[in-house]
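A.B. asks: Could you fit the two chains together into a complex? Lean on the hints.
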Amino acid sequence: MNWFINLGENTLNRLEMLGRATLMLFGAVIAKSQPLKLIPLTIKQVYVVGVQSLLIVVVSGLFIGMVMALQGYTILVGYGAEGSLGPMVALSLLRELGPVVTALLFAGRAGSALTAEIGLMKATEQLSSLEMMAVDPLRRIIAPRLWAGIISMPMLALIFSAVGILGGHLVGVDWLGVDSGSYWSIMQSTVDWNKDVVNGIIKSVVFAFVITWIAIFKGYDSTPTSEGISKATTETVVFSSLAVLGLDFILTALMFGIE
Amino acid sequence: MKSRKVELLVGVFVALTIAAGLMLALKVASQSMSNSEDSYVLYAKFDNIGGLKVRSAVKVGGVTVGRVDSITLSNSDFTPLVAMSISSKFDQFPETSSVSILTSGLLGEQYVGLQPGFVIDGIENLAQGDYIEDTKSALVLEDLIGQFLFSSNDG
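Chains as they are written, first to last, in my numbering: chain A, 427 to 685; chain B, -5 to 149.
Hints in this document: simulated from the structure, not taken from any laboratory. This one's a predicted model, so the numbers in the text were calculated from it and none came from an experiment. Keep in mind that the hints are not guaranteed to be accurate.
Said to hold, decoys possible - Some chain B residues close to chain A (C-beta under 8 Å, calculated; not the full set):
#  : residue
1  : Val0
2  : Glu1
3  : Leu3
4  : Val4
5  : Phe7
6  : Leu10
7  : Thr11
8  : Ala14
9  : Gly15
10 : Met17
11 : Leu18
12 : Ala19
13 : Lys21
14 : Val22
15 : Ala23
Ideal Cβ positions, reconstructed from N, Cα and C, are used throughout, including at glycine.
Only chain B is shown next, with the shape it has when bound in the complex (with noise of 0.2 Å):
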């Protein structure tokens, strides 16, 4: 009897731990498991990213409705190219929205804003692998500063 005891408790402490293991995966890093849902990509090139970086939110409206999959250089033209992973459940964005990047808050990560455009006959949707014409960069800081400084000067 004294056996079955220790099974029982080592039986609750899997239990247990298993149950720590699945609060871990599904409340606390949910978002990053449910990658393989259905998604497009779509691309935009800015002039310049900021702090944008990789998995950083794609939000229309303040909801998030996909992620940024990969920053790269074009070669061509020297600007950077951001590829954006967008939820399938999203699919009807015209042709003529923008996207610009963004700054949660003050202090807060930088994230890609996009501004659906109107829906005119004759504009399609954006579909896997398109890019969007219109964009708007990252403010930077520094930049507005130095602009901030010179018109100061010149008044």
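Chain A with its partners taken away, still in its complex shape (with noise of 0.2 Å):
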């Protein structure tokens, strides 16, 4: 008996979460949305959330790159296949390790701040006073931050494939002596836009928009305690990297898998 009723209010309590991050959704993005004046603060918010993340998502790109094009490079040439080393290396770059990564990198960069950062007003009472003033934070806290979260994690996706590129340029040609015309070359040939980059594309700003959603709903909905604060940043990247991954498998089926 005791068993049903916990499964009924774990049921209950789940679908109740979901429907508070949807009203806070569509509170944020739909209702009274005033354009205009939503554009400075999601420019001040693309810096924190975007611009911040750079580094580490240029560091990690070069890096994958040049390990990529190693790892490659000792496999493919048992075949003498060392040209398609540009090809391997751009498909998975643009496909798969460049979305996901950066999503993950980006789930542990930004999303955490961002939970910690709305559990901590809410926490000290910023929520709301704002509402006191009249001013709906949703229209002024959330909306920004959730608008620069799907702006930004695309931006980083792209600039993450690039350098990998660039950095499995590096390794498999500067240092390991592939032929650099047959990296690019056979690169060109294979590498389609539409199927391989704009699918990655799609595939950014499906993770943007879930990991954005997760870590703000997170901090809107903490527990105003420091212990809640601690939970909610845990949970954020915990869910939104579970998130990530499995969404993967499913838009890689869906993109890739039936031909």
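C.D. replies: This is how it looks when you write it as structure tokens:
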């Protein structure tokens, strides 16, 4: 009997949480939106969320590209196919690693910060003060951060892929001696703009939306104590990483699985 | 002044993204963007196309001159019909040219190799919609092994 009560309670709690998250999203994005007032606030948040994540994204992109070139070379050279290093590096970066690794880094670097910031605002009753001054915190605090996340992460993923391909060139061509011409030309004949690059961008937009939504909601919904904020921050990173990995499989199956 | 700095850095961020996108568009995926250049279509019937795919290259002496547009099965005689779009820069192939399906390297992709025929008076050049009569099918490894086994059993 108790087991059923627990199950029902859990289910209802989850559904309520989903409802609150959707209401928050609706209030921030659709209801009473004032795009012109939003733009300066969003630019400020693009700086916090995007520009400040640039360093970690560029460095990891460079090293992941370099490691892939090194690993790929040792395998491909056994078949005399080291010319295919370019497409291997480019396709795995554009289709998978670019969007996914950037999303995971973004969840750790920017998502956790968003949750902690909003959670602390709630704990120190800044959100309530805004409401008392008749400023809607959904519009003033939540909406710019949401848009900034959705805008920044795909940009970071593009930069990640480009830097990774250059890193692969650095190791493959400049160090290991793969022919520079075949690195670029086989890559060009293999990579398709619509199929590979655009699908990668679509992926990263979806990831960006999910991560930012989870991060903001966890902060907005956190228990306003220090313990609650720490729990919310942890949950942001865990939930958004799991969501990214799960969604990635579904999106990959839809985009590349059936031909 | 603080706000100016933020805007400047966001501007740099956007510029970096545009640079990355341009690099991906022009340097990484350029070949597929230039589909719109002038081309004409040639057809060829093969007995067996092996692993040939749409977008495989059409090469003359190793130089890519076009791509495979579509592969269908012709309904009248049940042979694969391959349509190839050839760049209009190369429109001087005589009608006596032949095509065969070749493999690049041991494990490589299959492509269509075009051998230009001799230019003799009275022979016209291939043009839009022409069929190439002289075709050679892909080598299918299983068939080769089968033939080899048969011949070794006989001997």
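A.B. asks: Are Ala23/B and chain A close enough, Cβ to Cβ, to be under 8 Å, as the hint says?
C.D. replies: holds, 4 Å
A.B. asks: Would you settle whether the hint for Ala19/B is holds or violated, based on the nearest Cβ-Cβ distance to chain A being less than 8 Å?
C.D. replies: holds, 7 Å
A.B. asks: Against chain A, with CB atoms and a cut of 8 Å, does the hint on Val22/B hold up?
C.D. replies: holds, 5 Å
A.B. asks: Holds or violated: is the Cβ of Leu3/B closer than 8 Å to a Cβ in chain A?
C.D. replies: Since the shortest Cβ distance to chain A is 5 Å, the answer is holds.
A.B. asks: Under 8 Å, Cβ to Cβ, is where Thr11/B needs to be relative to chain A, so tell me if that hint holds or is violated.
C.D. replies: holds, 4 Å
A.B. asks: Restraint: Gly15/B near chain A, CB-CB cut 8 Å. Satisfied or not?
C.D. replies: With a closest approach of 6 Å, the Gly15/B hint holds.
A.B. asks: Measuring from the C-beta of Leu10/B to each C-beta in chain A, is the shortest one below 8 Å?
C.D. replies: It holds, given that the least Cβ distance between Leu10/B and chain A is near 6 Å, below 8 Å.
A.B. asks: Closer than 8 Å between Cβ atoms is the bar; does Glu1/B clear it against chain A? Give me holds or violated.
C.D. replies: Cβ of Glu1/B sits 6 Å from chain A, so the hint holds.
A.B. asks: Report holds or violated for the interface hint on Val4/B, using the least CB-CB distance to chain A and a cut-off of 8 Å.
C.D. replies: Holds - the Cβ of Val4/B comes within 8 Å of chain A, reaching about 5 Å at its closest.
A.B. asks: Identify whether the interface hint at Leu18/B stands, where standing means a beta carbon of chain A within less than 8 Å of its own.
C.D. replies: This hint holds: Leu18/B lies near chain A, its Cβ roughly 5 Å from the closest one there, short of 8 Å.
A.B. asks: Have a go at the Met17/B hint: is there a Cβ in chain A nearer than 8 Å to its own Cβ?
C.D. replies: Holds. Min distance 5 Å.
A.B. asks: Hint validation: Phe7/B versus chain A, beta carbon distance must be below 8 Å. Holds or violated?
C.D. replies: holds, 5 Å
Hint violations for this structure: none, all hints satisfied.
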